[in-house]
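Asker: Below are the chains, spelled out letter by letter.
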Amino acid sequence: MAESQLRKGSIELVVLSVLQQSPTYGAHLRSMLHEGYGLDVSSGTLYPLLSRLRKARMLDIEWEPSPSGPPRKVYSVNDKGRKQRAQLAREFQQLVRVVEQLEQSASIDS
Amino acid sequence: MRIPINFRGFLNPELQLNEVDPENPRLLVSRSTGIGWNLNTGALAARLGLIRPDDSLSDLADHLPRWWMATARYLPSACSAGLGIAALRRSRPQIAVLAAALAWWNRRAHTRGSAAEAVAASANVAGLQVVVLSALARPNSASRSSSTSQLSGMLVLLACVAVRMAVEVGSVKVALRAIEAELAGRAEQKERENHV
Numbered sequence: 001m002a003e004s005q006l007r008k009g010s011i012e013l014v015v016l017s018v019l020q021q022s023p024t025y026g027a028h029l030r031s032m033l034h035e036g037y038g039l040d041v042s043s044g045t046l047y048p049l050l051s052r053l054r055k056a057r058m059l060d061i062e063w064e065p066s067p068s069g070p071p072r073k074v075y076s077v078n079d080k081g082r083k084q085r086a087q088l089a090r091e092f093q094q095l096v097r098v099v100e101q102l103e104q105s106a107s108i109d110s
Numbered sequence: 001m002r003i004p005i006n007f008r009g010f011l012n013p014e015l016q017l018n019e020v021d022p023e024n025p026r027l028l029v030s031r032s033t034g035i036g037w038n039l040n041t042g043a044l045a046a047r048l049g050l051i052r053p054d055d056s057l058s059d060l061a062d063h064l065p066r067w068w069m070a071t072a073r074y075l076p077s078a079c080s081a082g083l084g085i086a087a088l089r090r091s092r093p094q095i096a097v098l099a100a101a102l103a104w105w106n107r108r109a110h111t112r113g114s115a116a117e118a119v120a121a122s123a124n125v126a127g128l129q130v131v132v133l134s135a136l137a138r139p140n141s142a143s144r145s146s147s148t149s150q151l152s153g154m155l156v157l158l159a160c161v162a163v164r165m166a167v168e169v170g171s172v173k174v175a176l177r178a179i180e181a182e183l184a185g186r187a188e189q190k191e192r193e194n195h196v
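Residue numbers (my numbering), protein chains in the order written: chain E, 1 to 110; chain U, 1 to 196.
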């Protein structure tokens, strides 16, 4: 349970980071996360997250033609999203440092 | 589990978008107006493969052509008027009042809400008009067995969901087609400029 909560929290940072590097559409983002980073994010997790980030005005959308089927919704990170990503990255790094310190003291104790 | 109670949907059309939201994978969402839960037809349509999970009305409705918005605005009113007249002819004024309330609800969403909220309201109203029509067409209930009423009740519910989903999926498809035409026009213009 705790593990999945940690994962869920960090996916927002991962999604913002990936979209900041290269704006893309939902299905491609899912395959990028799977193939590039080994992260299996279900559509039931990804699309509500994209919707939430969009409602919070951190993502912009643009439409692009698709070679097969209807136009695709391409997500990109705007200024607010970049600030949020930087803030999340700082918090995450701080958390990693704390965990590393705790791990070191735990290994010394044992 | 707490049963949700909400009566803000009549006055706040934005809440109705939760009931037609494919980005939310939950099939049951709390009612925008009323007690309990309602089916999220957006999630159902996405699961059935009729639309994609990110084909949300809030991002698409602004691209809907005028003729579609006009149809979504005036067709439910015309249907309500027809239902109301038929109800009065059959001496069933309560059904006429219900039909008028649905027309008012649709008109309010189209005059005060965004395009997405207006389309969501039209989908809801069209679905409920099916229920009103079935109530109007229902013969004397005393002459029917309980199993027949249960079956017809289920069929009416299915028809209500199907009509709601048809309006939503139709709106998504029409908007995507409009975007496609817009993108093609832009590409054509760019090509012409490059040629010159």
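Source of the hints: derived by calculation from the structure; they are not laboratory data.
Beta carbons: idealized from backbone N, C-alpha and C, even for Gly.
Take these hints with a grain of salt, some might be off.
[Stated by the list, open to error] Simulated restraints on C-beta separations:
1. U:F7 <-> E:Q104: 32 to 40 Å
2. E:A86 <-> U:P65: 34 to 42 Å
3. U:R186 <-> E:E103: 48 to 56 Å
Asker: A separate judgement is required for each hint: does it hold in the structure or not?
Answerer: Results of checking the hints against the structure:
1. U:F7 <-> E:Q104: 32 to 40 Å: violated (57 Å)
2. E:A86 <-> U:P65: 34 to 42 Å: holds (41 Å)
3. U:R186 <-> E:E103: 48 to 56 Å: holds (55 Å)
Of the numbered hints stated above, the single one contradicted by the structure is hint 1.
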